[in-house]
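Here are the chains, one letter per residue:
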Amino acid sequence: MDKLKNNIIQSDGLKAPVIRIGALQWIRSNLFNGVFNSILTIVTLLLLYKVVPPFIKWAFIDSFWFSTAKECSAGDGACWSIIPANIRFIIFGFYPHELHWRPLLAMIMMVGLILYCKNRDHWKKSLIYIWIAGLIIMGLLMKGGLFGLTSVDSDQWGGLPLTLMLSVFGMVAAYPLGIVLALGRRSKMPAVKTVCIIYIELIRGVPLISLLFMSAILFPLFFPQGVTINKIIRAQAAIIMFTAAYIAEVVRGGLQAITRGQYEAAESLGLNYAQKMRLVILPQALKIVIPPTVGILISAFKDTSLVVIIALYEILKTTRTALADPAWMGFSPEAYIFVALIYFVCCYTMSNYSRRLEKELHS
Amino acid sequence: MKLFKLCLVVGIVFAISGVAFAGQTFDSVKAKGFVQVGVNEGLFGFGKPDEKGVWRGLDVDTARAIAVAVFGDASKVKFIPLTAVQRFTALQAGEIDVLCRNATQTLGRDTELGLDFAQVNYYDGQGFLVPKKLKIKRAKELDGATICVLPGTTTELNVADYFRTNNMKMKPVVIESNVELNKAFFAGRCDCMTSDASQLASVRAVAPNPDDYMILPDIISKEPLAPAVRHGDNQWKDIVNYSVLAMIEAEDLGITSKNIDEMLKSKNPLIMRFLGVTSGNGKALGLSENWAYNIIKQVGNYAEVFERNVGKNTPLKLERGLNALWKDGGIMYSPPFK
Chain A
1 MDKLKNNIIQ
11 SDGLKAPVIR
21 IGALQWIRSN
31 LFNGVFNSIL
41 TIVTLLLLYK
51 VVPPFIKWAF
61 IDSFWFSTAK
71 ECSAGDGACW
81 SIIPANIRFI
91 IFGFYPHELH
101 WRPLLAMIMM
111 VGLILYCKNR
121 DHWKKSLIYI
131 WIAGLIIMGL
141 LMKGGLFGLT
151 SVDSDQWGGL
161 PLTLMLSVFG
171 MVAAYPLGIV
181 LALGRRSKMP
191 AVKTVCIIYI
201 ELIRGVPLIS
211 LLFMSAILFP
221 LFFPQGVTIN
231 KIIRAQAAII
241 MFTAAYIAEV
251 VRGGLQAITR
261 GQYEAAESLG
271 LNYAQKMRLV
281 ILPQALKIVI
291 PPTVGILISA
301 FKDTSLVVII
311 ALYEILKTTR
321 TALADPAWMG
331 FSPEAYIFVA
341 LIYFVCCYTM
351 SNYSRRLEKE
361 LHS
Chain B
1 MKLFKLCLVV
11 GIVFAISGVA
21 FAGQTFDSVK
31 AKGFVQVGVN
41 EGLFGFGKPD
51 EKGVWRGLDV
61 DTARAIAVAV
71 FGDASKVKFI
81 PLTAVQRFTA
91 LQAGEIDVLC
101 RNATQTLGRD
111 TELGLDFAQV
121 NYYDGQGFLV
131 PKKLKIKRAK
141 ELDGATICVL
151 PGTTTELNVA
161 DYFRTNNMKM
171 KPVVIESNVE
181 LNKAFFAGRC
191 DCMTSDASQL
201 ASVRAVAPNP
211 DDYMILPDII
221 SKEPLAPAVR
231 HGDNQWKDIV
241 NYSVLAMIEA
251 EDLGITSKNI
261 DEMLKSKNPL
271 IMRFLGVTSG
281 NGKALGLSEN
291 WAYNIIKQVG
301 NYAEVFERNV
311 GKNTPLKLER
321 GLNALWKDGG
331 IMYSPPFK
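These protein sequence lines are chains A and B, in that order. Counting in the numbering used here, the first sequence runs from 1 upward without gaps. Counting in the numbering used here, the second sequence runs from 1 upward without gaps.
Calculated from the structure, these hints are not laboratory results. Hints are not guaranteed to be accurate.
For lysine-lysine, the following DSSO-like pairs were computed, each having C-alpha atoms within a straight-line distance of at most 27 angstroms [to be verified]:
id, chain 1, residue 1, chain 2, residue 2
1, A, Lys57, B, Lys183
2, A, Lys50, B, Lys183
3, B, Lys317, A, Lys143
4, A, Lys70, B, Lys317
5, B, Lys78, B, Lys30
6, B, Lys32, A, Lys231
7, A, Lys231, B, Lys30
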C-alpha cells in the first residue's frame with residue numbers, strides 16, 4: 001500500500017503527455033514538421049488550388065453531357081457529349097449497328113470468366129472446359145453464321161472487343177509459350193538452346209511496331225495472289241510472339257533464382273524432367289516472378305493500341321476516328337480522358353490482382 | 001536492316017511480276033461477289049466511318065459507284081481502311097481490287113510502283129490558310145511569314161521550294177500532330193498554315209470563328225487524287241475509269257439521281273446511249289447495259305457526290321474550283337460515251 005502511494009506521489013511531479021490525436025495535431029506532425037516540409041506543403045497546396053478548381057469547373061460545372069457539338073463550342077466547359085454521341089462507334093467499331101448486343105454479350109462473358117478465375121478455389125481441371133466452352137460461345141457471338149445469327153466478317157470487328165480479344169488471347173497464348181522458351185534456353189540440348197536464344201534475342205531486338213509492319217505489309221507479298229490471311233490473326237500472332245519473348249526472359253530469371261538443392265532434391269526423388277519442372281521447379285519459379293510478369297502483361301495490354309498502324313480499329317483508333325469529324329475535332333481531351341479511364345480500370349485491376357495473388361501464395 | 005530491305009525488294013518484285021500475269025481482277029471480283037476497296041482510315045469528306053460505323057466520303061462514294069457498275073448494287077463493296085504506308089502494298093499484294101484513298105497520281109507511282117491510275121475524282125493542291133485580319137490577299141505577300149506545317153510531308157518540301165523560287169523568306173513552325181498544329185495556328189503562333197486545300201478547309205471548319213480565316217486563291221502544287229488499280233489489267237481499269245467518268249458525264253448531261261427516271265424517256269441520243277436505252281456501252285465494258293443508270297440512280301452524279309461529302313452544306317464548305325465541269329471553268333471533262 002505504501003508502495004502504491006509512493007508511485008502516485010512520484011507521478012505527480014511529471015507532466016501529462018501531450019495527446020497526439022486530432023486533425024490539427026496530425027497536420028502539424030505530418031505536414032509542417034520542419035521548415036522544408038512546411039514550404040513543400042504550402043507550394044503543393046498552392047498548386048492544387050491553381051489546378052483543381054479550374055479543372056472541376058471545366059469538367060463538371062461548365063460541362064456539357066448530352067448536347068450537340070454546336071452548343072459545346074459555344075460554351076467554355078468540357079464537352080463530354082462527344083462520348084454519348086459516338087459511344088457505339090468508339091466501343092464497337094464497324095460491327096453492324098443493330099447487332100451490337102452480340103459483342104456486348106461476348107465482352108460480358110469474357111469479363112465474367114476472368115472474374116470467375118480470380119478465385120483460386122476455382123483453379124481445377126473443369127476450369128479449362130469452362131474456358132473452352134466460353135470461348136466457343138464468344139466466337140460464335142462475334143462471328144455468327146450459325147443458329148440463325150447473321151454472319152459478321154471479322155473485318156468489321158473493332159473497338160473494345162478487339163482490344164480485349166487481342167490482349168486476352170495475347171497473354172493467354174504468350175504465357176505458356178514464354179515458359180517453354182525459357183526452359184528451352186536453359187536446356188542442355190544445343191539445338192533447342194540455340195533456337196530459343198535466337199528467337200528470344202531476335203524478337204527482343206526489334207520493336208513491336210516493326211513486327212506488326214512485317215505481319216501487315218511484308219507477309220502478304222510472299223503469299224500467292226488472292227491468298228490473304230486475316231489481318232486480326234496476323235496482328236494477334238505478332239503480339240503473341242513479342243510478348244512470349246519477354247515472358248521467357250522473366251521466367252528464366254525465376255528459374256535461376258531456384259537453388260541447386262531444389263533441382264537435386266527433385267532428381268533424387270526419381271522424378272523425370274517433366275515431373276521435376278511441373279511439380280517442383282516451376283511452381284516456385286513462377287511464384288517468384290509474378291510482379292515482373294504482370295508488368296509485362298500490363299504493357300502488352302497497352303501495346304495492343306499499336307495495331308492502329310496496320311489500320312485495325314481498336315478502341316483508341318475508333319476514338320481518334322470519331323475525333324476526325326470536324327464537328328468534334330476540338331474535343332480531343334474529353335475523348336482521350338474517357339479512353340484513358342478504360343485503360344486505367346483494366347490495368348489497375350490487373351496489378352491489384354497480382355498483389356493479392358502474391359500475398360495469398362506467400363502466406 | 002539490309003536483310004529487311006532485301007526482303008522488301010524481293011517481295012515487291014514477286015508481287016508485281018505475279019500481278020502482270022494475273023490480269024483477271026474482274027473475274028475474281030465477280031466470283032467473290034463484292035469489290036474490295038482500300039480507303040482512308042479517317043479523313044473527313046473523303047473516307048471516314050460515321051458514328052454508326054457507315055463509311056462516308058467522296059472516295060467511298062467512288063468505290064460504291066464501282067460496285068454498282070459491276071453488281072448493280074451499292075452494298076456489294078467491302079471497305080478496307082489502309083494507312084498511307086500500307087496502301088500501295090495492299091494493292092500490289094491483291095488484298096484490295098482498287099484503291100480509293102486520296103492517292104496523288106505521279107509518274108513514279110504510275111510506272112515503278114506498278115499502278116494504274118483511273119480518272120481523277122478530286123483535283124487537290126497545296127494552299128495557304130491565313131487570318132483575315134492580316135489583310136493578305138495573295139501568297140506572294142507572305143514574305144517573311146511564320147508558317148505552320150506538318151513535318152516529313154511533301155507539303156513541307158513544296159512550301160520551301162515555293163518560297164525559294166520566289167526569293168521570299170519564311171520561318172517554318174513544324175509540329176508533329178495535326179491537332180497541336182491547329183491549336184498553334186489558332187493561337188496565333190504562325191501567320192499562316194499550309195497543307196492541301198481540302199485539309200485547310202477542314203482546319204478552317206474547326207476554327208473558333210471560321211469566318212476570321214480565309215484560304216488564299218494561290219495553289220502551289222498539283223495533287224490529282226485518283227483511284228488506282230494494278231498495272232496490266234486493262235478491262236478492270238476501264239471499268240474503274242468509266243465508273244468515275246459516268247458520274248462526271250451525268251452532270252454534264254444534266255442527269256441527277258432525282259430526274260433520272262424522266263431522263264429515260266429523253267430523245268437526246270447522248271442521254272439514250274448513256275443510260276443504256278440505246279445499247280452498246282455496257283457490252284463494250286463487259287457490264288450490264290444499265291450500269292451507268294444504276295450508278296447515277298444509287299450513288300448520284302459528280303455534283304451530287306461532291307456536294308454531299310465536301311460541298312457547301314458540309315463542314316468542309318469546299319468550292320468546286322478545279323473540280324467544276326469544263327463548262328463551268330473547272331477541268332472535269334469526260335470523253336463521249338459512245
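Hint check:
Restraint check: the Cα-Cα separation between A:Lys57 and B:Lys183 comes to about 22 angstroms, which is no more than 27 angstroms; the hinted pair holds. A distance of roughly 23 angstroms separates the Cα atoms of A:Lys50 and B:Lys183; the hinted pair therefore holds under the 27 angstroms criterion. For the proposed pair B:Lys317 and A:Lys143, the alpha carbon gap of about 40 angstroms is over 27 angstroms, so the pair is violated. Pair hint A:Lys70 plus B:Lys317 holds up; C-alpha atoms about 16 angstroms apart against a cutoff of 27 angstroms.
With a CA separation close to 13 angstroms, the supplied pair B:Lys78 and B:Lys30 stays within the 27 angstroms bound. For the given pair, B:Lys32 sits about 18 angstroms from A:Lys231 by alpha-carbon distance, which is consistent with the 27 angstroms threshold. Simply put, A:Lys231 and B:Lys30 have alpha-carbon atoms about 23 angstroms apart, close enough for the 27 angstroms limit, and the pair holds.
Of the numbered hints listed earlier, the single one contradicted by the structure is hint 3.
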